[in-house]
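Asker: Please arrange chains B and C on chain A, whose structure you already have, making use of the hints.
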Amino acid sequence: MNRRAPRKTAMLMAGVLVFLFLLQFILPAYHHSTFSKIMVLASYAVGFNILLGYTGLMSLGHAMFFSTGMYVTGICVYHFGLTGIPALGIGLIITVFVSMLIGAVALRTSGVSFLIVTLMFGQTAFLSVLYFDQFTLGQDGFTLTKELQPLVLGSTSFSYTDPNFKYNAAWLLFAVCLILSNLLILSPIGRVLIAIRENEERTQMLGYNTYLYKLFALTLSGTLSGLAGSVHALLFSYVGATFAEIHHSIAPLLWTLLGGVGTTLGPLVGTGIMHYLIDFTSGWTSAYLLIVGAILVLLVIGAPQGLMGMIRQKWMQWLP
Amino acid sequence: MSAWIDNNFPLVFLALLDGSVTAFVLALIALGLSLVFGVMRVVNVAHGEFFMLGAVLAWACFHFTGNMPLLGFLLALIVAPVFVGGLAMLSDRLILHRIQYNPESTIVATIGLLYIIQQLVLTFFGPEARPVEAPIYFRVQFPWFGYSGYKLIVAGLSGVLLLGTWFLMVRSKLGLYMRATQQDAETARTFGVPTKSVYSKVFAIGAGLAALAGVLVVPIRQADYLMGLEPLLLSFIVVIIGGLGSLRGTLVAAFIVGISDGFISVFYEPTLAKMLATVLVAAVLVLKPTGLFGEEIR
Amino acid sequence: MTENEKKATPVQEEQKTELSRRSLFGATAAVAGAGVLASQLTDPIARTAYAAGSDAPIRIGFQVHRTGIGATYGKWYERTTNAAAKYINDLGGMGGRPVEIVAEDDGTDPKRGADVVEKFATQHKVDFVYGTLFSHVVMGSSPRAGELKIPYFVVSEGHHVASGKLNRYVFQPCITEVPSQIYAVSKWMFSNLGKKVAVIYPDYAFGYDHRDYSMEAAKKNGGTIAAQIPIPPTETSFTRYFTKIPRDTDVIYHVMVGPGVLTFVREMGEHFGSRRPEIFGFIDSLEGVDINSPGLDFLDGTYFWEAMPRYADGYPTAAEKVYRDAVGVNASGASKSDSKDVSTYSHMFGCWETMFAIREAVEQSGYRNKRDYPALIETMEGFTGFNEGIAHPQGPKVFNGKNHQCYGNQFISKVAGGKLNVVHRTSIEDGMYDSDVDYTKMSL
Numbered sequence: 167m168n169r170r171a172p173r174k175t176a177m178l179m180a181g182v183l184v185f186l187f188l189l190q191f192i193l194p195a196y197h198h199s200t201f202s203k204i205m206v207l208a209s210y211a212v213g214f215n216i217l218l219g220y221t222g223l224m225s226l227g228h229a230m231f232f233s234t235g236m237y238v239t240g241i242c243v244y245h246f247g248l249t250g251i252p253a254l255g256i257g258l259i260i261t262v263f264v265s266m267l268i269g270a271v272a273l274r275t276s277g278v279s280f281l282i283v284t285l286m287f288g289q290t291a292f293l294s295v296l297y298f299d300q301f302t303l304g305q306d307g308f309t310l311t312k313e314l315q316p317l318v319l320g321s322t323s324f325s326y327t328d329p330n331f332k333y334n335a336a337w338l339l340f341a342v343c344l345i346l347s348n349l350l351i352l353s354p355i356g357r358v359l360i361a362i363r364e365n366e367e368r369t370q371m372l373g374y375n376t377y378l379y380k381l382f383a384l385t386l387s388g389t390l391s392g393l394a395g396s397v398h399a400l401l402f403s404y405v406g407a408t409f410a411e412i413h414h415s416i417a418p419l420l421w422t423l424l425g426g427v428g429t430t431l432g433p434l435v436g437t438g439i440m441h442y443l444i445d446f447t448s449g450w451t452s453a454y455l456l457i458v459g460a461i462l463v464l465l466v467i468g469a470p471q472g473l474m475g476m477i478r479q480k481w482m483q484w485l486p
Numbered sequence: 003m004s005a006w007i008d009n010n011f012p013l014v015f016l017a018l019l020d021g022s023v024t025a026f027v028l029a030l031i032a033l034g035l036s037l038v039f040g041v042m043r044v045v046n047v048a049h050g051e052f053f054m055l056g057a058v059l060a061w062a063c064f065h066f067t068g069n070m071p072l073l074g075f076l077l078a079l080i081v082a083p084v085f086v087g088g089l090a091m092l093s094d095r096l097i098l099h100r101i102q103y104n105p106e107s108t109i110v111a112t113i114g115l116l117y118i119i120q121q122l123v124l125t126f127f128g129p130e131a132r133p134v135e136a137p138i139y140f141r142v143q144f145p146w147f148g149y150s151g152y153k154l155i156v157a158g159l160s161g162v163l164l165l166g167t168w169f170l171m172v173r174s175k176l177g178l179y180m181r182a183t184q185q186d187a188e189t190a191r192t193f194g195v196p197t198k199s200v201y202s203k204v205f206a207i208g209a210g211l212a213a214l215a216g217v218l219v220v221p222i223r224q225a226d227y228l229m230g231l232e233p234l235l236l237s238f239i240v241v242i243i244g245g246l247g248s249l250r251g252t253l254v255a256a257f258i259v260g261i262s263d264g265f266i267s268v269f270y271e272p273t274l275a276k277m278l279a280t281v282l283v284a285a286v287l288v289l290k291p292t293g294l295f296g297e298e299i300r
Numbered sequence: 052m053t054e055n056e057k058k059a060t061p062v063q064e065e066q067k068t069e070l071s072r073r074s075l076f077g078a079t080a081a082v083a084g085a086g087v088l089a090s091q092l093t094d095p096i097a098r099t100a101y102a103a104g105s106d107a108p109i110r111i112g113f114q115v116h117r118t119g120i121g122a123t124y125g126k127w128y129e130r131t132t133n134a135a136a137k138y139i140n141d142l143g144g145m146g147g148r149p150v151e152i153v154a155e156d157d158g159t160d161p162k163r164g165a166d167v168v169e170k171f172a173t174q175h176k177v178d179f180v181y182g183t184l185f186s187h188v189v190m191g192s193s194p195r196a197g198e199l200k201i202p203y204f205v206v207s208e209g210h211h212v213a214s215g216k217l218n219r220y221v222f223q224p225c226i227t228e229v230p231s232q233i234y235a236v237s238k239w240m241f242s243n244l245g246k247k248v249a250v251i252y253p254d255y256a257f258g259y260d261h262r263d264y265s266m267e268a269a270k271k272n273g274g275t276i277a278a279q280i281p282i283p284p285t286e287t288s289f290t291r292y293f294t295k296i297p298r299d300t301d302v303i304y305h306v307m308v309g310p311g312v313l314t315f316v317r318e319m320g321e322h323f324g325s326r327r328p329e330i331f332g333f334i335d336s337l338e339g340v341d342i343n344s345p346g347l348d349f350l351d352g353t354y355f356w357e358a359m360p361r362y363a364d365g366y367p368t369a370a371e372k373v374y375r376d377a378v379g380v381n382a383s384g385a386s387k388s389d390s391k392d393v394s395t396y397s398h399m400f401g402c403w404e405t406m407f408a409i410r411e412a413v414e415q416s417g418y419r420n421k422r423d424y425p426a427l428i429e430t431m432e433g434f435t436g437f438n439e440g441i442a443h444p445q446g447p448k449v450f451n452g453k454n455h456q457c458y459g460n461q462f463i464s465k466v467a468g469g470k471l472n473v474v475h476r477t478s479i480e481d482g483m484y485d486s487d488v489d490y491t492k493m494s495l
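Residue numbers (our numbering), protein chains in the order written: chain A, 167 to 486; chain B, 3 to 300; chain C, 52 to 495.
Bound-form chain A, shown alone (with noise of 0.2 Å):
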């Protein structure tokens, strides 16, 4: 990385910011609907690319924690009455508080282990979603139609329900979560974790506790998936179980593969990306699975380094 890098990376982050708020004004309704939920998903691969992609730590239990996120946030609003910013609170202070408590666990293991660990733990979140059915109401999940109300701030007051609404704090979302995960890798701290990623054994030997710094990037990756999973519940208005089985966990992984591990822009191409090809092939064959299966398999294979990896291999070096 030279010295130019974090200049060149500032504007390019921004150039794509700027371009996805301009995008508004001019994609058509359904476009821009789509946008607004991409932008949020994107902003749950963000934060599990921080744990795959810089610390090369996988996991196949994020669901837990975007669920966990949409639950508090979702219970906070449907059973109290809160409106949407306090419960958007609580939800992060509650997904912080078990991300860092799923992590001082899970990061007693490593590798494969690690990876079953994390499995398992969503697999035991997506139960207790089913068994504490009075709360969650299971299955079905519940919607948050009636109960939320419109966000009011100073004198105006906004509709979780209007669209430009959602695309705009979608992109506020998507903005706050490329921005963290890009100050991250440009940071010390950012530095360490990607010396753990390359080899742990000597990052110890250097001195770094790397305990701690992978409690730090599991709890930051939690907590960013947490705030998607909030933020979809206020803007989607749904909560519901399908958000916490194992597919849900799945799905980050499969779209910061495609888009490219461990570049901040990977998992923004990789989701909207997939999410228009399944929304496409939908149209003429009911076999997208085939196509989500042979996109997964050919990538391990052919490119493993995703998009934006061989952007950057080809043309970008300096590409965070």
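Because the hints were derived from the structure by calculation, they are not lab data. Small disclaimer: the values here were computed from a predicted structure and weren't measured. Heads up, the beta-carbon is just placed ideally off N, CA and C, and yes, glycines get one too. Possibly wrong hints are sitting among the right ones.
Claimed, not checked - Simulated pairs of lysine to aspartate or glutamate, EDC-like, Cα-Cα distance not exceeding 20 Å:
1) C:Lys421 / C:Glu151
2) C:Lys391 / B:Glu188
3) C:Lys391 / B:Glu130
4) B:Lys198 / B:Glu188
What the hints assert, rightly or not - Footprint (simulated), chain C over chain B, 3 or more residues, beta carbon under 8 Å:
5) 101–115
6) 135–141
7) 148–162
8) 267–277
Answerer: Chains B and C alone, transformed into the frame defined by chain A:
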């Protein structure tokens, strides 16, 4: 305590009986996963789909023989492991070999394989759950309740297959190669063990065992394209508690999981039983990463 | 409302035999205020002139479960819907305009469900969204339908619509919801099979409706619930659950879903042998499954709820025959082209009927385009019921315009000789209950 046992004897008896049957089936399903991990050091997420393919092929054989249960069953006992084993060998050559058995890439690739197999079965077999008649059917009457005779047969056959695999491991040349590769693939190679072909064969045997389990189990339940996920998760649980790569551990863990699941489900709630099992696995991995009988894993 | 209930129920006898042109095609809804079942749709040909000038098709977005756990149902929902669309088009369409079905798979997943609604409304630009079965997909999809302000007609039998949890744009006009089914059939069960009942239900979603409302029904009918036994939908071994059934239980009430249902029945047989209590089940357990499947002989002599009799001799009306033929179902409830392909007969009629209900609302409200949504919704809310006929072959319906839910007759069948034989048909009143849900107060 003894009064409690007297009052609940039928329940305890049933929990033990049902738990043991579950344990044998579980051990058979998990055996393939354990074998693959032990020798190849990779986790095969598509393992449940091989099980599902076995069940679906059993239905096809049953159907093909004009709904003759015994003939269809015997045919399936040959067709299913051969076909599924062949498919596994092909996936090993085409996919796993190319990514050099990198543990994490293998997981992603086998997730892909899982989706592909599921979709193909949905397209060609359909979404319905299809029943297959048991080859031998009778009902065992206990003083308090009746029980399926075929389930007892399944437990017995699973036991035979477990023994057979153990015999293969300790007595055959392939078994020797497998153990050598498991201990140290590099050294084995220098001593002339064809590790590449050993990997293919092990992957095929693991898949074939899962397919056989599918054939055995399908008369107890139906064949459907989504049936693979549950046994996959259960196999993970069993293999981890027993220690990845240890056949003895797999068997012992299958009994621990099967019987405790039987008891918790009979006396408490089944969802709770599943939650406890998943937490237990996580705890075992964290506290004793080698499982009960396993060797060090990375 | 009460006026119509009276009118709606006694249709059974006369319609089995005599089917006038009016009752065949004039299945109809009445305007609430008037309280009369005005059957103003007499001649389909005459109506073609009604929407003259616009012959662009009415596009109906069909959210179909082609993949995922709902795929068996989805297959039959699609066949029924296409048959209904063809039938309606042969009659001259809706308000003189042909109907076009735009189908998209939702993978039986609420996440994808919401995206599909979005796609229908803003990309395919359909007139209505329709056809969802699984209740979690309805829950996931309905907020977006409400936000986009597009009418959303579901065929789900879930309690979600009547519970008031959804919004003004969601209707369930032609399939009775689960609590009402439970009230109706348990009345018969408690008085004919026994008072002490053990309830076995799937440990998720609509299983909880069975758990809660069978309890209510027991209170109403002087029965007791001896045990409530939840079973996870992924369970494959059931024997242990049967030990939780007290010995002196009169009736086992079961409703199961998922690929384990056959095993469930078989193990129930193995467990009890010939010393079994009475058994009453919901046909959901065996939708799409042949009653003569291996291991199901134990069901002989047990009872099932059916919304619509699977075997043609169960409810032999002329309208039923027209419907059965149009969808391509034989007299035993399987596909005409493949006798192994058994239908989901107790659910899919809802698709057929809902298509006709949409047609009714389109024509009575004079619907032309999206600007007419408020008129269409208010018209729909004004309906008080539907007459039996080709449009509603399952039977008459009472429709509650406030909670957007319909209530109909249910059937109880006994398994004998390898088939289901109808033994009782409940009245609509049996399934009625007080509801204070009122969607009409929500803004449009």
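Asker: If you draw a straight line from the CA of lysine 391 of chain C to the CA of glutamate 188 of chain B, is it 20 Å or shorter?
Answerer: violated, 55 Å
Asker: Tell me if chain C covers the stretch 101–115 of chain B under the three-residue, 8 Å CB rule, please?
Answerer: Answer violated; 0 residues pass the 8 Å Cβ test.
Asker: Below or equal to 20 Å on CA atoms is what counts here, so check lysine 421 of chain C against glutamate 151 of chain C.
Answerer: With a Cα-Cα distance of about 16 Å, the restraint between lysine 421 of chain C and glutamate 151 of chain C holds, given a limit of 20 Å.
Asker: For lysine 198 of chain B and glutamate 188 of chain B, compute the direct alpha-carbon distance and say whether it is at most 20 Å.
Answerer: holds, 12 Å
Asker: Is the coverage entry for the stretch 267–277 of chain B by chain C consistent with the three-residue Cβ rule at 8 Å?
Answerer: holds (count 6)
Asker: Is lysine 391 of chain C within 20 Å of glutamate 130 of chain B, Cα to Cα?
Answerer: holds, 11 Å
Asker: Is the coverage entry for the stretch 148–162 of chain B by chain C consistent with the three-residue Cβ rule at 8 Å?
Answerer: holds (count 3)
Asker: Check, residue by residue, whether the stretch 135–141 of chain B contains three or more positions whose beta-carbon lies closer than 8 Å to a beta-carbon of chain C, and give the verdict.
Answerer: holds (count 3)
Going through the hint list in order, the structure does not satisfy hints 2 and 5.
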